[in-house]
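Undergrad: Once you have looked at the hints, place chain B on chain A.
For the protein sequence lines, the chains are A and B, in the order given. The first sequence begins at 1 in full-length UniProt numbering and counts up by one. The second sequence begins at 1 in full-length UniProt numbering and counts up by one.
Note that these hints are calculated values from the structure, not bench results. For clarity, every value in this text was computed on a predicted model and none was experimentally measured. Note that CB positions come from ideal geometry on N, CA and C, so glycine has one too. It is possible that part of the hints are untrue.
As the list claims (entries may be wrong) - Output of the computed footprint for chain B on chain A, the stretches with three or more beta carbons under 8 Å from beta carbons of chain B:
# : segment
1 : 16-29
2 : 166-177
3 : 244-251
To be verified - Straight-line alpha carbon distances no greater than 30 Å define the calculated DSS-like cross-link-like pairs of lysine-lysine that follow:
#  : chain 1 : residue 1 : chain 2 : residue 2
4  : A       : K264      : B       : K230
5  : A       : K325      : A       : K251
6  : A       : K215      : A       : K359
7  : B       : K115      : A       : K264
8  : A       : K325      : B       : K115
9  : B       : K115      : A       : K43
10 : B       : K28       : A       : K264
11 : B       : K159      : B       : K263
12 : B       : K266      : B       : K214
13 : B       : K266      : A       : K43
14 : A       : K43       : B       : K355
15 : A       : K190      : B       : K282
16 : A       : K170      : B       : K115
17 : B       : K260      : A       : K170
18 : A       : K264      : B       : K260
19 : A       : K190      : B       : K3
20 : B       : K86       : A       : K170
21 : A       : K10       : B       : K3
22 : B       : K115      : B       : K203
23 : A       : K43       : B       : K358
24 : B       : K355      : B       : K262
25 : B       : K230      : B       : K152
26 : B       : K203      : A       : K43
27 : B       : K349      : B       : K302
28 : B       : K282      : B       : K159
29 : B       : K230      : A       : K170
30 : A       : K170      : B       : K159
31 : A       : K308      : B       : K3
32 : A       : K251      : B       : K230
33 : B       : K236      : B       : K289
34 : B       : K86       : A       : K264
35 : B       : K152      : A       : K264
For reference, the chains in residue letters:
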Amino acid sequence: MKNSIQLSQKSTINAFLLFFIIHTAQIGVGIHGFQRIIYQDAKHDAWISVLLAGIATHIIAFIMIKTLEMYSSNDLYGIHQDVFGKWIGNFFNIIYILYCSAAFFSVLRNYIEVVQTWVFPNVNTWFLAATLLLIVMYTFTGGLRVIVGVSFFSLILSIWLLPMLVYPLKFMEPRSLLPILEADMSGILKGVQSMTFTIIGFEVLNVIYPFIKDKNNVRKYVHLGLLATTFIYVSVMLVSITYFSGDLLTKTIWATLSLFSIIKLPFVERFEYIAVCFWMLIILPNLCLYVWAAYRGTIRLVNVNATKFVWIFSLSIFIASLVVKNRTQINMVNNYFGQVAFYVIFVYPIFLYVVAVVKRKFKSHKEQIE
Amino acid sequence: MKKYRSYILYLLLLISLVGCAEKKLLEKVGLTTLIGYDLGNEDNVKTTAVVRQVNTEFQSQVAIITSENETSQGTRTKINRRSSKKIMAGQLRGVLFGEELARKGVGHYVDTLLKHSEMSGSVLLAVVEGQSKSLLEFEYPDIDDIGDHIYKLLEQNIKGEQMISSTLHEVGHDYYSPGRDIAMPILKKDKELIEISGVALFKNGEMVGKLSAKDSFYVKLIRDNYNTGKLEMMIKGDELPSSLMKNPSDRIDLVFDPIKTKKELKLVNQATPEFDLQINVKARLMEIKPYIDVGKPKNVAKLEKAIGKSLSEELSRVIALSQEADSDVFGFGEYYRSTVRHSDLTQEKWHGLYKEMKVNVHVDFTLLRSGIME
Numbered sequence: 001m002k003n004s005i006q007l008s009q010k011s012t013i014n015a016f017l018l019f020f021i022i023h024t025a026q027i028g029v030g031i032h033g034f035q036r037i038i039y040q041d042a043k044h045d046a047w048i049s050v051l052l053a054g055i056a057t058h059i060i061a062f063i064m065i066k067t068l069e070m071y072s073s074n075d076l077y078g079i080h081q082d083v084f085g086k087w088i089g090n091f092f093n094i095i096y097i098l099y100c101s102a103a104f105f106s107v108l109r110n111y112i113e114v115v116q117t118w119v120f121p122n123v124n125t126w127f128l129a130a131t132l133l134l135i136v137m138y139t140f141t142g143g144l145r146v147i148v149g150v151s152f153f154s155l156i157l158s159i160w161l162l163p164m165l166v167y168p169l170k171f172m173e174p175r176s177l178l179p180i181l182e183a184d185m186s187g188i189l190k191g192v193q194s195m196t197f198t199i200i201g202f203e204v205l206n207v208i209y210p211f212i213k214d215k216n217n218v219r220k221y222v223h224l225g226l227l228a229t230t231f232i233y234v235s236v237m238l239v240s241i242t243y244f245s246g247d248l249l250t251k252t253i254w255a256t257l258s259l260f261s262i263i264k265l266p267f268v269e270r271f272e273y274i275a276v277c278f279w280m281l282i283i284l285p286n287l288c289l290y291v292w293a294a295y296r297g298t299i300r301l302v303n304v305n306a307t308k309f310v311w312i313f314s315l316s317i318f319i320a321s322l323v324v325k326n327r328t329q330i331n332m333v334n335n336y337f338g339q340v341a342f343y344v345i346f347v348y349p350i351f352l353y354v355v356a357v358v359k360r361k362f363k364s365h366k367e368q369i370e
Numbered sequence: 001m002k003k004y005r006s007y008i009l010y011l012l013l014l015i016s017l018v019g020c021a022e023k024k025l026l027e028k029v030g031l032t033t034l035i036g037y038d039l040g041n042e043d044n045v046k047t048t049a050v051v052r053q054v055n056t057e058f059q060s061q062v063a064i065i066t067s068e069n070e071t072s073q074g075t076r077t078k079i080n081r082r083s084s085k086k087i088m089a090g091q092l093r094g095v096l097f098g099e100e101l102a103r104k105g106v107g108h109y110v111d112t113l114l115k116h117s118e119m120s121g122s123v124l125l126a127v128v129e130g131q132s133k134s135l136l137e138f139e140y141p142d143i144d145d146i147g148d149h150i151y152k153l154l155e156q157n158i159k160g161e162q163m164i165s166s167t168l169h170e171v172g173h174d175y176y177s178p179g180r181d182i183a184m185p186i187l188k189k190d191k192e193l194i195e196i197s198g199v200a201l202f203k204n205g206e207m208v209g210k211l212s213a214k215d216s217f218y219v220k221l222i223r224d225n226y227n228t229g230k231l232e233m234m235i236k237g238d239e240l241p242s243s244l245m246k247n248p249s250d251r252i253d254l255v256f257d258p259i260k261t262k263k264e265l266k267l268v269n270q271a272t273p274e275f276d277l278q279i280n281v282k283a284r285l286m287e288i289k290p291y292i293d294v295g296k297p298k299n300v301a302k303l304e305k306a307i308g309k310s311l312s313e314e315l316s317r318v319i320a321l322s323q324e325a326d327s328d329v330f331g332f333g334e335y336y337r338s339t340v341r342h343s344d345l346t347q348e349k350w351h352g353l354y355k356e357m358k359v360n361v362h363v364d365f366t367l368l369r370s371g372i373m374e
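Just chain B, with the same shape it has in the complex:
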């Protein structure tokens, strides 16, 4: 008996462990890949879910289901009532907020998403110009699976550093941080395409303003360090001596991609507060119009200076815009908290200071190379 006791135990485990948990077979569940939240009637929330269903024939269908209820999780049961398969959220890739809802506040939704163990921290969040329902329900001729498409659209642009990153984790991080506000990409339906049209600025979880898609480069430049990405910019003609150009014009358009940026932030005055922002950009020139001979070191030095100057002006402009909206998406407050001892920074306290904040921007631009032809 004693000899067999361990085997009996094994057998018991084997029998009892099999099939104890709830089964979630792929053919029997609908995988939600994307959710859109809109403001419904009387403070209700309208949820649009993009559900992918896998058949036994290995073909997948995409269904778009909308329902309205008082709570976001309540809509889920309602959606389940309209679907032949059980709706699961473990494969969720993106969450969209209608602009109206975003302006009322996304804090509650971020909180609910974070609470759920089913959600992964890498879900991407974005704001939709207009209603997310109409964006999702439209039948785009070139898009098969809208859920997958939107996720890849956002992911590709975030990886390519064209857009600020807005994973659930980062948004949650900023939402709960006293010295930093949420920023999310804005999506827009443009005829038969979907495009990223800008950056939404938030204050305490409420959308308070937006920046153009181009300005998101500057936001990113201050927030993070760059490694890739591309920027098209314009320098005023009178900032460069006309001797540089063959045909002097009043504006110079150029495109460069930063190879490496390095930023340095310093708090010079605690009371105002005043920051010194020094950014070093090393970049590659992609296109310049009109023609400037960048083979000559003298010209390069002048061009670098002019670009640096325009960049600082643009950065100051974007900072001023965000200050106007009272949204600190750059994290100046976080820097303030970590520098000033016993600052006891709260969101209210920082927003009081933020309006008066001064930032002296200085950009050092270095041109590394300009392609394979001079």
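Looking at chain A on its own, in the form it has when it is part of the complex:
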């Protein structure tokens, strides 16, 4: 392949780091309040939807890796150019870059909204956006290895938040889960689709694949990362359903943070304030990976250096974050983005794989004839 990526040993990363990358890319702002969205579709069987969505990510990741393996060392952008030709390929690349930017934007805007509602109602959006963007720019200019380092530490430093779910267990009522499978299949499947916004992030694999040193281990660590995410989502969902009663859950915008609000430690009475602030560390890899993925695509289209790119990118995101002002608009953005993401992440990879296989068959057939 003429456009495949050749890298020196120094700029590659070990496959086991993929576990951290995939996991931290998936967990971000969605986990704050995915419960009520799924609950509206699947009622108290929402955890089944979450579980099914988790399984779906495994299947899609499997197909993604299959596609990537066909082009030993190339990313999605290169594959597009190879499969669809230069013009159509680049058109798809632009869509993918826009998708990454939209994902970046929605993570940023949602987090700002959470900070404003829970902790600092008087701090302006532009200020929070600028601060976060500066940190992201700083990390981004460090290169991929720094971004991967951030993912690693993001998980290591925030893993202690998970055991905090034990506190709400005191108020749980396991019978809220019964009767199992009361919701009909269409409701549960609709719940799976609504999970998209929360569970995406693992598509970064499409871009990071050529940077992996030992490619034969990719499969193992990607699936482990996905498994860890699914485990966390299902357990958070189970705790939420048993902790809140149905109508209360549909009214709670950020159920996970409300879960934290019952925690009372001797030295911290309002734990959710810490959780909200600490969450910056959890969304940082999210943001960095998306801006990096967008950058990898952009350099295929135009000749631009990293610093220039990140300034332009940040500036446009900054302006966009000022346009979206209130809760209803944010919800609308989330909804639209979730719907688009569903097709980009869950439908498109299957299509791409089929096309790539057909094309390869066709090509080898032609070569045989010649």
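TA: Structure of chain B alone, referenced to chain A:
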């Protein structure tokens, strides 16, 4: 230049991040520890706030401020106009409702409290017999900080399992649950003390009845599992053969504390609906009057049976009382919803069934020990 770029970024962050948010210095704010809501004139709400102010000399004062307005949050601005320090609600420990207001409905207030990110889910809620304003404004000789006192009073009794728990989270949970109603402790001013006088029963967020403080034990016995707590009860004399007693009397009073209870609920008939409630109580005898020799296994067995029987009667009585008030504080409806497939239970639908509900109570009482002397 490139080398220093990161440092410049750091510096920028440092400068811009300091002092951007609104400061809330302890000496400059008044911490509301308790709020009482009463019904004012013309559907207004009268709010009484217990505000604790910390001075630079580390002495804290407690001020009680009352104001009346159309909305509960509106009263807050009014209270601010009467206070030298900014009123903050982050340290709120308790919310009291005057009985009159509770009978009109607390749903709106629960909703507003839940909405506020400032409120913690562990705020305790209670109903006040009469007006909460008069309860809070009275100068009790033995109580320094009434806000703290009421919170500790409730918390201590809830932790000791003498009273049903009524944190904001639990009340919100029950309020939005189709098959369960709110229950809150009732507070009462008794001369120069404040005491918990009973349990308020709600239906759709409106107070519809009350149970005595003693009955709250039975409510808790059906709602939750017990680990501590204490109960004084009376058995009718003719339920025990008089041969057990040295001086036969027509009533036996005894006190026990359950070490462990286990309950089992079964829906036997969906149409009526009819439940079987089986409760196993393992307890320790604290006091019994008149004297019964509990050293003999035969006596113990008879006593256990008699206690079990009286307990089931009492439980049935409390259930009947709540049914009369049409308030399902036990969560039978929730059990019904989780057992019957596609029940589509709503509050109205359940209250229709609840009146006709039958519960067959059966208590198995086991006496573990009776102190260090026989």
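Undergrad: For the pair supplied as a hint, B/K86 and A/K264, is the alpha-carbon distance within the 30 Å limit?
TA: 25 Å, holds
Undergrad: Going straight from one Cα to the other, do B/K266 and A/K43 come out at no more than 30 Å?
TA: 24 Å, holds
Undergrad: Holds or violated: A/K251 and B/K230, Cα atoms, limit 30 Å.
TA: Violated - the C-alpha atoms of B/K230 and A/K251 are around 38 Å apart, more than 30 Å.
Undergrad: Quickly compare the C-alpha distance for A/K215 and A/K359 to 30 Å and report which way the hint goes.
TA: With a Cα-Cα distance of about 24 Å, the restraint between A/K215 and A/K359 holds, given a limit of 30 Å.
Undergrad: Verify the proposed pairing of B/K115 with A/K43, using a straight-line Cα cut of 30 Å.
TA: 22 Å, holds
Undergrad: Please verify whether A/K43 and B/K358 have alpha carbons no more than 30 Å apart.
TA: The hint holds at about 29 Å.
Undergrad: Please verify whether B/K230 and A/K170 have alpha carbons no more than 30 Å apart.
TA: 22 Å, holds
Undergrad: Checking one constraint from the list: CA of B/K260 to CA of A/K170, max 30 Å. Satisfied?
TA: 17 Å, holds
Undergrad: Keeping to a limit of 30 Å between CA atoms, is the pair of A/K325 and A/K251 held or broken?
TA: Satisfied, since the Cα-Cα distance of roughly 21 Å is no more than 30 Å.
Undergrad: Are the Cα atoms of B/K349 and B/K302 separated by 30 Å or less?
TA: 43 Å, violated
Undergrad: Verify the proposed pairing of B/K203 with A/K43, using a straight-line Cα cut of 30 Å.
TA: Holds, at about 24 Å.
Undergrad: Would you mind confirming whether the straight-line C-alpha gap from B/K115 to A/K264 stays at or under 30 Å?
TA: Holds: B/K115 and A/K264 sit about 19 Å apart, inside 30 Å.
Violation of the numbered hints given earlier is confined to hints 1, 15, 19, 20, 27, 32; the remaining hints are satisfied by the structure.
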